[in-house]
Amino acid sequence: MHFAAALGLGLPIGIGLAAIGSGIGIGFLGQGAMGAMGRQPEVLPKLQVAMIIGFGFAEALTIYAFVTMFFLQGKIQ
Amino acid sequence: MAAAFAVLLLPSQAASAVSLLAGQLLMALNFFFLDKLVKLFTEAALGGPDKRPRPLPGQFFVWLTLKLLLVYGGSFAVIRFDLAAPLPFLAGITVPLLALFLKSIMLALGNGPSSLRRRATKTAATFGDAAKPAALLLAVALLALPVLVRASDAVTPASETTTAPEHGAASSEHGATTAEHGAATANQGGGGGIAHLPNWVVILNDYFPDNPVVRWMHANEYLVFAWLAGLVFLAFAWIAMRRPKPVPGQLQNALEWMVESMENVCGGMLGKHLPRYFPYIIAIFFYILTMNLIGIIPGFKSSTSTLDVTLALALMTFLYVQFWGIRNLGLLGYVDHMAGSPRDVVGFIMLPVMIPVHILGELAKPISLSCRLFGNIFGEDTLIVVFVGATALCLKASLTALAVPPMLGISALFMLLQTLTSIVQALIFALLTTVYLYMMLPHEEHAHGEAHPSH
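These protein sequence lines map, in sequence, to chains L and D. Its first residue numbered 3, the first sequence is counted upward by one per residue in my numbering. Its first residue numbered 89, the second sequence is counted upward by one per residue in my numbering.
Since the hints were derived computationally from the structure, they do not count as laboratory data. Since no wrong hints were added, every one of them can be taken at face value.
What follows is a list of derived Cβ distance ranges for each label pair: (1) D/Leu508 <-> L/Gly12: 24 to 32 Å; (2) D/Trp326 <-> L/Gly76: 36 to 44 Å; (3) D/Leu451 <-> L/His4: 33 to 41 Å; (4) L/Gly76 <-> D/Gly435: 40 to 48 Å; (5) L/Glu44 <-> D/Leu230: 47 to 55 Å; (6) D/Met329 <-> L/Gly76: 39 to 47 Å.
Not close to chain D: a few residues of chain L, all C-beta gaps over 10 Å, as computed: (7) His4; (8) Gly18; (9) Gln42.
Here the structure is a predicted model, which is why all the values come from computation and not from measurement. Positions of the beta carbon are idealized from the N, C-alpha and C atoms, including for glycine.
When you get a sec, could you build the whole thing from the sequences and use the hints?
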């Protein structure tokens, strides 16, 4: 298989798979945050900030895949 | 010194030696007169016990005419009537000036009451603990600047390919003339770059392609925008905090709110060590925030959308954290920390495993910081490019009324998302710096490997 074809096939699939993991992680974060906000509405601002920061961390892993794609996409001629 | 110079020359060229001496004598005479004149002038200006300026005494003018006659008249006469060889004469005039210059350097570097060293350390003391590593880094950066400029010129041909096909399409909205320039650079940039939106540096480059300054700015766009972001934030902070009032105005209130929120969050982690690290954390936060937010304004680019800038920031943070780690824990404590703090036999047996693991973990921190920031901001940038490019494409294909409003609407929506991501990523960078600093504090009950945000 030509390496450009392999890259062209593999890179987007890689990002997609990484996004699955990120999606699950963010889903768990959101679930915990929503549950806690429902039980104790007065800590809502603090939880919101913590939730958004958590989203940032969970996104980071997909971003690593994205960066890898960015480095390799030049080689698809 | 005068005699030494003359003696050196005397055996070979007597006339030159005499001229040299004559020049030095003339300058010495000048200094003598200047000394008298300055003393009289300052006494008159500062006045007597009542501290009001007095008129200049008549003695001042006597000395002044004497100086003009002797010094300037003398030098004129020497040159006009060829009393001494001109070149050694001029050299002799400069010799006492050289002596004065050397004396001033020795005064500045020495330990007297007006030395530069004393004044520099006094200023540094007012900045507190953050001053020393910051001053060192600043000195290194300033010294390395010519090297970096030279190196960046060498890399220029490779970075010219970043202006891409989208440049031609998107700039057709700005003006007709830039379209041809855009097409020209698009041909040059077909080598496989991801599209960028034009910013004012690129437009300047289109109008003045031969200007070396503009070319350097175009080759180092991200540096120009990094400096611009720093200047913008400094201007904002200066305007906001110029005259702080007890009941603050709007800008001051906004700035204080942001700083105090960061203080609350970081103080919750660092506790009493906050004042030492907070200047760096808040500086990094505001700098990254400004750099990210500037990219939303059309015509500007966020320098954090290049891996170079984010890597530089992450490396700086890494060095800062390690520096304070070694300073807080001591060298032995730092190695102990890296080794996983072995306390029993099992710990010592695991040593060869734990040390590489911890070192790798420490090295992963700047990589993850830089990649996270770069990926987020660059991804947002690319999203906007795609939608704005689609808008431009619709305009070019004259589907104006049909396609442009929804495209513009979507672009605006994604710009809102870009704002959110910019703020969140700056916050995450600063918070992670705080967490890494917290890890490096001397602690006993820290559970290794469990509280690590290690990605």
